[in-house]
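Number 19 in full-length UniProt numbering belongs to position 19 of the sequence shown; there are no gaps in the numbering.
No lab work stands behind these hints, which were simulated from the structure alone. Some clues are possibly wrong.
[Said to hold, decoys possible] Derived CB-CB ranges, DEER-like:
1) E328 - A279: 38 to 44 Å
2) G209 - L59: 30 to 36 Å
3) F135 - G83: 29 to 35 Å
4) E296 - P346: 37 to 43 Å
5) R229 - R11: 20 to 26 Å
Computed from a prediction, not measured in an experiment: that's the story for all the values here. We put the beta carbon where it would ideally sit given N, CA and C, even for glycine.
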Amino acid sequence: MLAWRVVQHGRPTDALRLDEIETPEPGAGELLVRNSATVLNYNEVDGCRGRYLTVNPPLPYTLGMELVGIVEAAGPGLDAWLGRRVVSTAVGAFGAHAEAALVSADMTFDAPACLDDVHAAAFFFPFHLASLGLFLRGRLSAGQTVLVHAGAGGVGSAAVQLAAAAGARVIATAGGPEKVARCLEFGAAFAIDYRDVDFVDAVRDATNGVGVDLVFDGVGGEVGERSLRCVAHNGLYLIVGFASGIEAEEIATVAPRSLCFGNFSMGGVMLSYSSHASAVRAATGFNITPRRTADELHARLVGLLDDGAIAPVVGEVVAFSELPVALERMEQRATIGRVVVDLARPAGISDPGLRPA
């Protein structure tokens, strides 16, 4: 099968090579999915650059995490998955940008019937992560106020939509007039162009000095540090990602005194599911979300999709052969929503203007 592999570190067009490799066979707890679409993530730019320590397998390796496709082989006891159209993430969070990929059954769900492959690929990761962050970890409820950073991005746009659908008041940040306008379309009550104004001052004005109940921060770095000034009494600052630079993942930037004097809480969220969450915790110390919780969450999200309350945001669709160039556009912050790789799309016919389904 064909796969985009990181063969050296550098810019994506230099780091990636399209190779013919053996199709893997699923082991215990695994499925083999014949991919119809995959999704680009900024962490994959970090992977090409050699600075993503969380996912850092030996070279060469196949890039990519998110996918949609048909299950064509299954590990022991998983034959019920065969032939089903699914959304999932690749085992180890790499290996998706190929004609087929191994996935964990615990991270696999039936693709929503109301979405085509492109939009189904764009749906899974951001809406599951945003839902876990906003409601399971953030305990957001109707009438509360949430600040969503990078509100025009993949996860940010999902968070804006979900929070608005739940009756929360959403303040979103984004860079540039077009992205600010899209945040308002997604349901934000206020949208702040961080390139034009100080978002801390803007949040203070929008909340009459009170601050927000929840900060949903997928940016990190300096944005995260300054966001602490936006949290209301008894509020929560939630770490979702590090789009400002993956190096921030390893750097302690918050002094304990800030939490004491601020009278607010700080937490994080990770999208990972397991049918054996207690065993994973015993082995690694990680608190993985149980699969039964994931099934309930997925059903609620599909219901919101069916009702038209939410929709995945696809900013661009590219051909499989155009993947490295598309990653470089993402590195330049030139994208809105998700960038989806359609394995059936001919080269040279990329679509730069898709909107929510």
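We went through each hint and held it up to the structure:
1. E328 - A279: 38 to 44 Å: 41 Å, holds
2. G209 - L59: 30 to 36 Å: Violated, since G209 and L59 (Cβ atoms, about 52 Å apart) do not stay within the stated range.
3. F135 - G83: 29 to 35 Å: 33 Å, holds
4. E296 - P346: 37 to 43 Å: 40 Å, holds
5. R229 - R11: 20 to 26 Å: 36 Å, violated
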